[in-house]
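Protein chains: 2
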Amino acid sequence: MTSRTAPELLSLLTAAGGGWVSGAEISRRLGVSRTAIWKHIEALRLLGYEIEAAPRKGYRLVARPDLLTPEEVRAGLATRRLGRVVEYRETVGSTNDLAKEMARQGAPEGLLVLAEQQTAGKGRLGRSWTTPPGAAIAMSLVLRPDLPPHAAPRITLAAAVAVTEAVREAAGVAAGIKWPNDVQVNGRKLCGILTEMEAEMDRVAFVVLGIGLNVTLRREQMDPSFRETATSLALEGAPPVRRAALVQAILARFEAVYDELLGDRFDRVLDRWRALSVTLGQAVRALGLDGQPVLEGVAEEVDQEGALLVRDGAGQVHRVVSGEVSLRPAHAQDR
Amino acid sequence: MTSRTAPELLSLLTAAGGGWVSGAEISRRLGVSRTAIWKHIEALRLLGYEIEAAPRKGYRLVARPDLLTPEEVRAGLATRRLGRVVEYRETVGSTNDLAKEMARQGAPEGLLVLAEQQTAGKGRLGRSWTTPPGAAIAMSLVLRPDLPPHAAPRITLAAAVAVTEAVREAAGVAAGIKWPNDVQVNGRKLCGILTEMEAEMDRVAFVVLGIGLNVTLRREQMDPSFRETATSLALEGAPPVRRAALVQAILARFEAVYDELLGDRFDRVLDRWRALSVTLGQAVRALGLDGQPVLEGVAEEVDQEGALLVRDGAGQVHRVVSGEVSLRPAHAQDR
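One line per chain: the protein sequences are A and B, in this order.
Take the first sequence: its letters are residues 1 to 335, numbered as in the UniProt record's numbering.
Take the second sequence: its letters are residues 1 to 335, numbered as in the UniProt record's numbering.
Hints listed in this document are in silico derivations from the structure and should not be mistaken for laboratory results.
Worth double-checking, as some hints may not be accurate.
[What the hints assert, rightly or not] Pairwise CB distance ranges (calculated):
hint, chain 1, residue 1, chain 2, residue 2, range
1, B, S33, A, P224, 58 to 68 angstroms
2, B, P108, A, D303, 33 to 43 angstroms
3, B, P108, A, E90, 33 to 43 angstroms
4, B, G76, A, D267, 50 to 60 angstroms
5, A, S128, B, S11, 40 to 50 angstroms
6, A, E90, B, G76, 53 to 63 angstroms
7, B, V298, A, D303, 23 to 33 angstroms
8, B, D303, A, R311, 24 to 34 angstroms
Yeah, the Cβ is synthetic: ideal placement off N, Cα and C, and Gly gets one too.
Whole structure, please, built from the sequences with the hints as guidance.
In structure tokens:
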């Protein structure tokens with residue numbers, strides 16, 4: 001399954017939409033013998049694909065496993081350079097850590113690390129992030145943007161846009177972005193984004209963009225401390241969606257916004273961020289990392305560096321930088 | 001030599017300024033037996049220390065090797081937390097790379113990597129940096145500042161201040177800072193600073209501050225491409241200075257400016273940077289990384305993020321960010 005034939009074969013069967021594809025056509029399209037086709041069909045079956053075979057009709061794909069294997073992700077992938085090479089693990093400590101390690105060894109832009117399960121998944125600011133087997137997407141992308149470090153947060157904002165749009169389209173849930181980069185549905189966190197980088201002071205060596213998206217995760221699979229504040233596509237009533245298809249949708253949308261960003265058109269990405277924001281226009285309370293309120297006001301705008309501009313009661317505008325505060329609706333809980 | 005006794009013994013002999021220190025006093029001050037003292041003396045001699053011993057007089061230090069060993073650097077070191085732990089190598093690929101590796105493994109703030117020779121030393125923007133054995137200082141410091149990445153360039157500016165002041169005082173040369181962070185004497189580069197970091201978008205995980213300072217380097221030891229533009233303390237006519245003493249002076253000064261920086265008093269550091277700058281007030285030409293001129297004008301100011309503000313002929317002020325341009329005097333060469 002290391003050859004290019006298996007994903008192309010999958011692609012062909014998928015394109016037929018469950019209909020039959022003759023052996024002759026497969027043989028012609030992929031340039032392989034009928035015997036070779038059979039071997040690839042067998043290999044796919046071992047991975048969990050249900051493929052029906054019938055004399056004179058050929059083959060048809062009846063069911064496919066909901067896996068994040070390179071075969072699943074690459075078959076039909078619409079990107080030009082992101083996610084074309086996939087490092088897949090059933091279990092990994094953290095996809096971000098593995099991606100950073102591979103980036104240090106020279107992995108090129110676009111390398112995608114995918115895992116069914118993370119045993120030591122990480123959220124922002126050193127928090128932990130749960131990824132039970134098969135219930136979520138844990139993906140980390142190696143990027144090598146020609147940017148100074150101070151511009152790197154744009155990548156996080158662009159990723160929030162890509163994930164939110166992909167989730168809205170592919171899963172039909174009303175996702176929005178809570179500043180800076182949580183993807184929420186109905187006020188609960190659906191997806192976290194953890195962007196890490198290695199840099200000199202004036203240029204980025206590489207960025208690892210980590211996306212953790214809860215797909216079928218049930219409440220009892222969540223860390224108890226997250227049960228009130230987190231959600232998953234299934235919990236929000238989304239129809240079943242294949243995780244690989246979600247990954248593909250995220251990659252395609254991200255590649256587009258990333259190209260805008262690199263092409264000095266970050267304004268356009270920011271416009272989309274604003275349109276998807278659930279924070280702008282809201283009364284918010286900024287809490288210091290010690291949990292103490294530092295500021296209350298109305299979230300008015302986000303700037304080019306991703307900072308939030310909050311106007312307080314006296315009319316003064318404060319620039320709130322991610323990492324220094326967390327945000328709550330101003331009317332929440334203990335007020 | 002892994003015990004604390006050897007550096008303390010050196011410290012004691014050094015404090016006597018070449019005078020005699022009795023075995024009884026050493027025994028009392030260090031809390032070890034006379035026999036143990038003899039063993040440590042022998043170990044120091046093996047490292048290149050010339051120590052005279054005489055009945056009834058005791059010991060006196062006649063000469064010490066010009067090495068960057070932990071013993072040399074720690075004996076008399078005035079810092080509280082920087083450079084108290086030293087990782088010493090006779091030869092290393094790059095002190096920055098080793099420091100980054102150790103930081104990833106959890107090395108604490110203040111760990112100092114020192115080497116007599118680098119075989120793959122690095123300058124900014126992927127350039128190479130020559131460090132022949134014993135002729136220069138190659139030092140890399142692990143820092144864990146509680147800063148967002150956009151504030152990290154302040155560390156580089158602070159380091160330029162520390163090195164320049166240390167070199168002026170300890171070696172008596174008229175060093176100045178060429179924006180952003182080259183330490184120059186008479187228009188030639190004496191010291192390069194390479195700051196690297198690992199970070200999330202909103203906080204720094206660690207910074208490695210690399211300082212490469214040419215001490216006795218002769219012109220023929222330099223990479224041919226640097227011979228016209230680089231210099232060393234010896235080439236500038238400085239009297240011989242022990243490298244370990246220079247490291248100590250740099251560490252002490254850097255700890256002070258780093259504390260200012262962390263204590264929200266970066267303004268003071270910037271004032272010292274301005275005082276040492278050879279760039280401010282000068283007519284400059286900014287060159288893009290492709291070597292093409294992008295801007296000419298007068299360098300007026302440096303801002304909190306380390307960017308240079310250049311006023312062009314039409315009176316407009318441009319913010320020049322390090323890494324996007326290099327700087328030349330406007331009257332240089334091919335004009």
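Is 40 to 50 angstroms a correct range for the gap between the Cβ atoms of S128/A and S11/B?
holds (46 angstroms)
If I claimed the Cβ atoms of G76/B and D267/A lie 50 to 60 angstroms apart, would that claim hold in this structure?
At 56 angstroms between Cβs, range holds.
Just to be sure I understand the hint, the distance between the Cβ atoms of V298/B and D303/A should be within 23 to 33 angstroms; is that true here?
With a Cβ separation near 29 angstroms, V298/B and D303/A satisfy 23 to 33 angstroms, so the hint holds.
Satisfaction of the hinted span 33 to 43 angstroms by the C-beta atoms belonging to P108/B and D303/A
Between P108/B and D303/A, where Cβ atoms are some 35 angstroms apart, the hint holds.
Supplied distance hint 33 to 43 angstroms, evaluated on CB atoms of P108/B and E90/A
Once the Cβ atoms are compared, 35 angstroms apart, the range 33 to 43 angstroms for E90/A and P108/B holds.
Taking the Cβ atom of E90/A and the Cβ atom of G76/B, is their distance within the range 53 to 63 angstroms?
The hinted range 53 to 63 angstroms holds for E90/A and G76/B, with Cβ atoms some 56 angstroms apart.
Does the beta carbon distance between D303/B and R311/A stay inside 24 to 34 angstroms, or does it fall outside?
holds (25 angstroms)
Within 58 to 68 angstroms or not, the Cβ separation of S33/B and P224/A?
Because 59 angstroms falls inside the window, the suggested range holds.
Going through the hint list in order, the structure satisfies each hint without exception.
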